[in-house]
Amino acid sequence: MNTVARFAADPAELIRLYRAMVLTRTFDAKAIALQRTGRLGTYASSLGQEAVSVGLASAMRADDVLVPSFREHGAQLWRGATPLELLLYWGGDERGNSFAAAAQDFPNSVPVGSHAPHAAGVALAFKLRGEPRAAVCVFGDGATSKGDVAEALNIAGVWKLPVVFVINNNRWAISVPVERQTAAHTLAQKSIAAGIPGEQIDGNDVIAVRDVVARALTKARAGGGPGWIEALTYRLGDHTTADDASRYRDDATVSPHWADEPVARLRSHLVEIGAWHREDEERLLAELGAMIDSAVSEYLATPPQASSTIFDFTYAALPKDLAMQRAAALGEST
Amino acid sequence: MNTVARFAADPAELIRLYRAMVLTRTFDAKAIALQRTGRLGTYASSLGQEAVSVGLASAMRADDVLVPSFREHGAQLWRGATPLELLLYWGGDERGNSFAAAAQDFPNSVPVGSHAPHAAGVALAFKLRGEPRAAVCVFGDGATSKGDVAEALNIAGVWKLPVVFVINNNRWAISVPVERQTAAHTLAQKSIAAGIPGEQIDGNDVIAVRDVVARALTKARAGGGPGWIEALTYRLGDHTTADDASRYRDDATVSPHWADEPVARLRSHLVEIGAWHREDEERLLAELGAMIDSAVSEYLATPPQASSTIFDFTYAALPKDLAMQRAAALGEST
Amino acid sequence: MTEITLVQAVNLALARAMEADRSVVVLGEDVGKDGGVFRATDGLLARFGEARVLDTPLAEAAIAGLSVGLAAQGFRPVAEIQFTGFIYPAIDQMVNHASRLRTRTRGRLTCPMVLRSPCGGGIHAPEHHSESPEAMFAHVPGLRVVIPSSPARAYGLLLAAIRDPDPVVFLEPTRLYRAVKEDVADDGQALPLDRAFVLRDGTDLTLVTWGAMVTETLAAADTLAAEGVDSEVIDLATLKPLDADTLLASVTKTGRCVIVHEAPLTGGFGAEVAARLAERALTSLLAPIERVTGYDIVMPLPRLEHHDMPGEARILAAARRALAYQ
Amino acid sequence: MTEITLVQAVNLALARAMEADRSVVVLGEDVGKDGGVFRATDGLLARFGEARVLDTPLAEAAIAGLSVGLAAQGFRPVAEIQFTGFIYPAIDQMVNHASRLRTRTRGRLTCPMVLRSPCGGGIHAPEHHSESPEAMFAHVPGLRVVIPSSPARAYGLLLAAIRDPDPVVFLEPTRLYRAVKEDVADDGQALPLDRAFVLRDGTDLTLVTWGAMVTETLAAADTLAAEGVDSEVIDLATLKPLDADTLLASVTKTGRCVIVHEAPLTGGFGAEVAARLAERALTSLLAPIERVTGYDIVMPLPRLEHHDMPGEARILAAARRALAYQ
Ligand SMILES: Cc1ncc(C[n+]2csc(CCOP(=O)(O)OP(=O)(O)O)c2C)c(N)n1
Ligand SMILES: Cc1ncc(C[n+]2csc(CCOP(=O)(O)OP(=O)(O)O)c2C)c(N)n1
Ligand SMILES: [Mg+2]
Ligand SMILES: [Mg+2]
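Protein chains in written order, with my numbering: chain V, -4 to 329; chain F, -4 to 329; chain E, 42 to 367; chain Y, 42 to 367.
Here chain V stands alone, though its shape is the one from the complex:
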């Protein structure tokens, strides 16, 4: 950052960011607990990566479009997805992708990196319509090995598309550490292949993330071409609730990274500048805990969709052939 961003000097704004990161972590802990007790599906925790997620989302405008992978709960919540929607999604209910409040954002892309071309396509749409909007595509370090990402990056470069790619580099692709993923010293340098400037930033510094992504977005919206930002963070937890990271990395490897984790870091800064006190923390935890708890009760009380819905969104209108299958299915299950 050449100059300190304005928002960084505003305690209220920093508290907003802090709140969003704590919300993300609170949601995360609850989601894991639900999964462990058989009430949620496999879940990908973002523990330790909250600053990347919240930072990039806070840099976006409402009318920008988020094209995420599957670990950006913080960004989705900031953009208006509700805890209930996220729970429904991870609980195996398509309604979790409805995002009433972020109607143009893409759902999670589980196939790693395959969403990068979508972000380029969304950005192309903005460019063709002459709209001052941008797409933000987020993925992990492992995704940078996928051809899809390279293809999308190259096209974004030659067409100067308003898209910012953010690499949430948590140093691991399940069991594969980033140094075994590529010989590139940084992931930031990968954009040189597409003639696009790349930046590497401290992904545990939410201020840096927001500032750098915001600058890239401003440039992109103004027709300055795409951005490629490597945010260095660390996956403190298992890859997902289906993973047992102790099989491939030991505590000695992980524990040092707790010292850099983004939530505590911003908290101590807030405390330092006198903007945050124990009571604030207690009040916040209580408030967010209650918010998540009520979302959880709502989630648990949500009946599944009617079985007929497995058919109804396959096409805009049900083709006759499929309508017959639907009739047979409902006949059988009633």
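Hints are supplied without guarantee of correctness; some may be wrong.
[To be verified] One-sided excerpt, in silico: chain Y residues whose CB lies under 7 Å from chain F:
{"hint": "1", "residue": "Ala56"}
{"hint": "2", "residue": "Ala102"}
{"hint": "3", "residue": "Pro206"}
{"hint": "4", "residue": "Leu283"}
Hints are computed from structural coordinates only; laboratory data are not their basis.
All values derive from a computational prediction rather than experimental measurement.
In this text, a Cβ means the ideal position worked out from N, Cα and C, and glycines have one as well.
Start from chain V and add chains F, E and Y with the ligands according to the hints.
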């Protein structure tokens, strides 16, 4: 080139290279004539690109493996593929891929860029067996936009595979000029994404191509990791005999490049150093013309394979289900 | 009305759709100045400009993926894959994203895109230029698969595909691109995407086919007619969703069926046609259902490809077996 | 003999093959230290070392393409695609290269590789983790497609796949990975790759299935048996090349057939099975051929997936229709 390669000082060796380029061009002209008269299938000319093809092949050892795209006739001929084999291939006969003299070389890869992972796999085989051999993968400028190439390059880098990628940059992907293919100022810089050094060379200078590729191969065989070389040349002809380049580029664009074409360039060098005279040229053209003519007669006299062969190489042994289809087919056609 | 070829009809439909709807954009390799390697997009760049006719870099997965992004934003991209031999890298995008964006988001985001590609053999093309992968796409829920076999059907079906709110894979038989000319009115009339075409009415035998094989099949029907056999010829055209009714009506009437396609036998779409009949028209069947198809082999290089591609002789042989069966 | 699960049988076969043949190497995402997300490659790294058990970068097209290069050089790569939802980017390599390297070069270069991938639903997995794309591969000439449904068959078929001189797509139903244990002798005995398994002899009805559906189908057969219906259950297992003889022999005997698979109906491999019967066993058929399959819809997320996946009830209903048919 830091120092002038030894071979470059040896007229006999330069004449070998010259001969190979002229052979390629002679073959090329004949192939186009055959296609125009309906006696060959669609053909991809290498007119103007002979130095890349011959240069890289002359840098290889016999036991290295060539993994080419579809425009490397010069390299294939140097490696021992016969003009007859090339004619059979382009004439639509699988026997053209038999390559008796280059038994481990891959056949042409028509799907652009999809052969890059094969070259990495071949190189991995050499590495796993501890053999001092390397794979050479050649493709065009357009291929550098394919995800396959990026994936293979990245893996070659992180595994330090003995493979050298050569970009035969003829500035066009059919109608798309390289500057509309990517925003990268050079294609050489694309290897930075994989942590691999890239080099850009004059692809119309067969001495430079051979020297730089030879150095990269020596390094690769010694475990020094992959090479990525952009050879700048120019596609002087149509993309293939099915293409009409006048639809998308005019003579004014192309003609200046005739001044740099590699065959005339090496010839004038040979003449300058007194190693080549009009009679040598006449003798060579007569000799190669006769060689190609006899290959053509052989080609035209070669009866097609038995229709049964469309079945016989699908699997090592014909599965019963397919054997029945074969029997029925032969029954019908007799 | 002017006499035009199939590829000209594709071009005409594209122009008409772009004229009528600013959200229609064309993208692909060499679709701009070059007008496409078969000239399907000839003149579109000059007429509609670079913002609506985009020459893409050489990257099929991205061509499909860009289209998903454009479509989710309300555009109607018509992407060209230069040959179906190069469509395989786009399958991931079609299966994992295009086909399911609507259902994944309960209709919040949709994917009205068309993936066009020249398909099939018989033009003595190089390796990988003669593929018939329609069955792979026809198995994918959420996709539509369309293969026209005449200029008029190409025009009407492509218009329908572009206007359809869901992703359509539109395969154009290269062998038919310039094979025949017919009068096509540029009236903007789309054809239904869920109706097979009965090209010839008959009572003795049903011949079901699509794409380039329609030509051989109609020729066989003529030969049979000369022998007094009255065969019905169905051009399936819209493979997915399948118009089972037309099939069943015909076979219920004729009792004998021969299915013809160029793709390999095993797992080809002809299997689905036969399966539907074996499920729902069994009692009407007077003879085994015959399939005349490419063999379970890789498409041979041009010198032998005709040995793989079904021709009139093989169709007639199967038809006669079906007719002779007691 | 020890009691092991299907995933342990896969692991055992891999270890046995690597022990017996130094050219066998395992590669894929997280197959090393992690032992694969399902532990299929557990312990192989420790036992055979980094030169033979390779954790690849995250790139499916390259995983398949690397294998083609290795195989052409005489290795026998066994590549893992972590879930079949991520196998689509590898299709291009399998179709355009692996399946045809032999025929393109008239046998000069060959491709003895295995592409392993966990498939199918029913384990409440995230999106894209429950796919059944076997029909797409079974349509590709030059490939073999194998799906085991028991520990013993997984062991014997995987050994056969690794030893086979041609490319094999080996799909492992995740739902069966730990569902049952059975005694498997680690005797290095391979099973034939062109023979379907008759899991139960019967005379009244033929039930044809594969993969995870074998469980539901056998359960249905038990229920029917209790009602005095004697059904034959065939596990197709080696879908391509298809063992038509076993199918025909059974249906010629029973006259009634129900085909069960998890993949969507249209263009599913069940269509090929039905088509073969309609061609070659028509006169033996006493009832329409029924298919009990996933619907033509995108695999629902876990909360509703059971509504899509065929269960015993749907199989029984179809069986009873077939049995009742006069
Ligand atoms: C194309 C594809 N291949 C494999 C997987 C299985 N998988 C899920 S996450 C993951 C690792 C992703 O690593 P990274 O991109 O760094 O993201 P992270 O999980 O660390 O956030 C893998 C291999 C997948 N989802 N998609
Ligand atoms: C994957 C793929 N897409 C499209 C094509 C059709 N095609 C053949 S050559 C070509 C251009 C290739 O350009 P480049 O890589 O620069 O090689 P060049 O032809 O110039 O030697 C295209 C688009 C193909 N063969 N493969
Ligand atoms: Mg990661
Ligand atoms: Mg080029």
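Hints, one by one, checked against the model:
| no. | hint | in the structure |
| --- | --- | --- |
| 1 | Ala56 | violated, 18 Å |
| 2 | Ala102 | holds, 6 Å |
| 3 | Pro206 | holds, 4 Å |
| 4 | Leu283 | holds, 5 Å |
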